[in-house]
Amino acid sequence: MITVENLSKSFTQNGSRVTALDNVSLDVPDGAVCGVVGTSGAGKSTLARCISLLEKPDSGSIRVDGTDLVGLDGSRLRAARRRIGVVPQGDSLLRQRTAAGNVALPLESAKVPAAQRRSRVAELLDLVGLSDKASVYPDHLSGGQRQRVAVARALAAKPSVLLADEPTSALDPATTDSVLTVLDRARSELGVTVLVVTHDMAVVRRIADDVAVLEEGSVVEHGKVLDLVSEPGSRISSTLLPETDQAEPLRPNDRSHDVVAEVVLVGFAAVGALLPEASSRFGVELSILGGGLTRLGDTPVAKFRVGLSGERSESALKWMIERDAHVRRAPVSVDGVAA
Amino acid sequence: MSEVTPWSEVLELARPATVQTIYMVLVSTLIGVVGGLPLGVWLHMTSPVGLSPRPVLHRIISAVVDVVRSIPFVVLLVVVASFTRILVGKAIGSTATIVPLAIAAIPFFARLAANALREVNSTVVEAAVTTGASKMRIVRTVLLSEARAALVGAVGVTMLALIGYAAMAGAIGGGGLGSMAIQNGYYAYDDRVLYSAVVLLGVLAWGMQLLTDWVTKLVDRRRALANV
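Protein sequence lines, in the order shown, are assigned to chains A and B.
Whatever position you read off the first sequence (first residue = 1), add 197 for the working numbering.
Whatever position you read off the second sequence (first residue = 1), add 842 for the working numbering.
Straight-line Cα separation of at most 30 Å, BS3-like style, residue types lysine-lysine; simulated pairs:
hint	chain 1	residue 1	chain 2	residue 2
1	B	977	B	1059
2	A	421	A	253
3	A	253	A	308
4	A	355	B	977
5	A	421	A	355
6	B	977	A	253
7	A	515	A	421
8	A	308	B	977
9	A	355	A	253
It should be emphasised that the hints constitute simulated quantities derived from the structure, not laboratory data.
So that you can see chain B by itself, here it is in the shape it has in the complex (with noise of 0.2 Å):
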């Protein structure tokens, strides 16, 4: 048996591994719903319910969509790595992890944004048409105003989706909790680092779904009083 790692020691391990997690997480989030959201509008726009159906391109960009969603994303990983060195000069490390985190989560957000929008009901999106508006001001007035809780949500589900794939990325050197938890913890025999990294991805996960569930609720005012 090994002799358990004094407590400082994980600090020392967990400190910047947790903060790589949450860099990594943040920024291909960022990256994710600024890349996925005009996607997801426009996959919306295309479909037969959307306001300009085009079927044959609305098929395209969903077959493109799901494809690379459908990717399991260690693949991903190894598939892109010469582009992320390309991209960032390096393979390993938490900054060249974010490059297949972000194209993971491009396609996962458009999805779930999508399917926000359908979710606005017709005849608001219709009254609006009947009102002489653009169809620029209409996503934005109508589809992206009216579905910001459900948006906000799809903001969490893909932040949450990939804290596991950051974790993941950890196993092949990709820095952060992931990496705590499977290069010290896991193949160095000490139990206590890897279940304390565990511990950690699981506050942080839960801290984030807490971070959404209060955002959401800030920026649904379907069931807020009058400011009178």
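Bound-form chain A, shown alone (with noise of 0.2 Å):
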């Protein structure tokens, strides 16, 4: 697991102090995978550099499995960088060595031993799937497939932290599923812990358990992806999920309904029996105004926009609560209009 707690970094750019980092914290537990997302200029390259620990913070504290990595010099620090593994921004391989060649690279650092270094590469080539590809060179491979040999070679010292940064930003779509597919499965067979920096909320949206939002290089939103999503303010959960009605502002009621609200609902069981057994339970007519189901992960999440007529519709929604659907209401004035 990694923690970064209270990482701070100024540069002087043009004779003015710019603030990169302020106070950045965050922890990602084992096996887990977690996205850092924010616009361009936010700090998310400062972050990513410092993690890779190729820029020194002016403060604050990087720990991997309870060491902190930061100051540390010579070979101390060299031994401290092979338990991250970094997949660095843009081309990063070797275009005179091989992929396999690549690969061995940070094993060739650690020292281990030809015949040992020989049986790891062709493991990691085969865990990115490119095992057909061992003695290619780089400018004969695609984006993506250059892209997974950089992450075969990241893993190849077996760290305990995989650092990702904008793995997919110059792929297309189909290829980045690719490389996406490749972080997961080294998280799931591997148990390492993967950070990915990127300003793609499709890599979230794909494989991150947790996520991170810079801004102005500050985290103002941090934690697990399907707990952020229901909340209400989330900037993650309002570029995630689907619009309801960005024309209509949630009223409280409207002619037809007698309750409106906004639900979001997570998981397999809640996105497909809630509703309708609402509807039934309490005899309520239930329709859906706006919104739309989408998958995070592996898991379906849907927002709607939900219409309720019926005596008991409070009590229909009330219902729905206890059952962990996330409700939204806009709030009644005293006499009952929209205020």
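Each chain sits in its own coordinate frame; assemble them with the hints.
This is the structure we're talking about:
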């Protein structure tokens, strides 16, 4: 697991001080995938470079399995670097070495004997699905294949944390998928903790368990993706979930419905059965006014705006809340009209 | 008009002169690479974009390299003559000429090598840093390895420059094709000898360029197809 605590970093640029990271803290539990998202200039690259131990933060700590890796020098710094596998942003393969030669690089630094090196390289190329490309030079590989070789290389020295900096930035959706699959497999087959720094929400949608939103050098949201999507004000929620009805503001009720609410449903059971069951159990008429269904990782998540009509509408809504539906309603003023 | 030198005599002059020129150029290139490569690596490593930036030290090495490089070779020949005498016992002849040639070649190649290393993609170098590789290992397995084609090219450029320098040395008793052109050709009003030497110098330069290109292609694996 990796714990980043109170990380701060500023640069002097054209004579003025620019704060890139301001007290950034985040932690990723063992074997989880955490997406660090933010717009360009939010401090993502600086954070990635600090965690890669390429940049020294001004203050704060980066702990991998409890050991602080900030402020080390010489051979202890080099040993620390082996605990964090890095997939750097952009093309990072040696062009004069084959795919296998590239994957072997960290093993050479770690002085692993040649025979062991060969079998480890074969394992890793198999993991990323490129066994048949072992003796191919990077210039003859596609962008996605090169990125997968970079992932295999980052995993070679058996790090406990894998950091990928914009691993999908130059790739089309289909290739992006192949790279994300490989990252996901690294987590599930090797138990590596994965940190993906990205501006691409598709990465979060596909593989992230946790997410941290970076804005102007600070973490403004951090937690489990499935927890955050059901939080009303969450930025993650509004980007990841379907729009319900952007034109119409949410009202407590309208002409044809006694109750209008927004409902977020997480998981197969909730998405499939909760609404119809509430409707039949309480004898209310339930219509979907907007929203839709999406999938986060393997979990279906729905966000609907629903209208309920019938005497027991309020009870139906309460029943759904008791069954973990996340319901948002517009505040009701005293006379029952929308505030 | 003096009578024309027969071809057999031209050949007799040309054969040892060509051998001497090749000898001078190869040996001084070798010394230039052996001395210039570490210097070039040092130049690159201490530079602002290098792995161990040392601004002051970098500026000093850089200045020394550039000063030596900017001394006209004819002047360098004369300036180091006494040093040459101490080193090889005499100041004329092809072995003696190797001393100033090597002194010129070292900073020349060092600068070219530093430029070649600077062209290695910084992302690739940083990727190696994150694997926990030591600086020495990165120099060997990343910088020198990735820049190998450019480095071989730099050896070629150095060789060509040294052919020119070696010919210049011929003017003051350096031996080789330069001597043949100037002493036996120009001063003796013997156009056939002069132009034969010039042609041979040209062929030699062309041949060395071809050789460099061939070796470059041989070491550059980037576009090599899989050897499955």
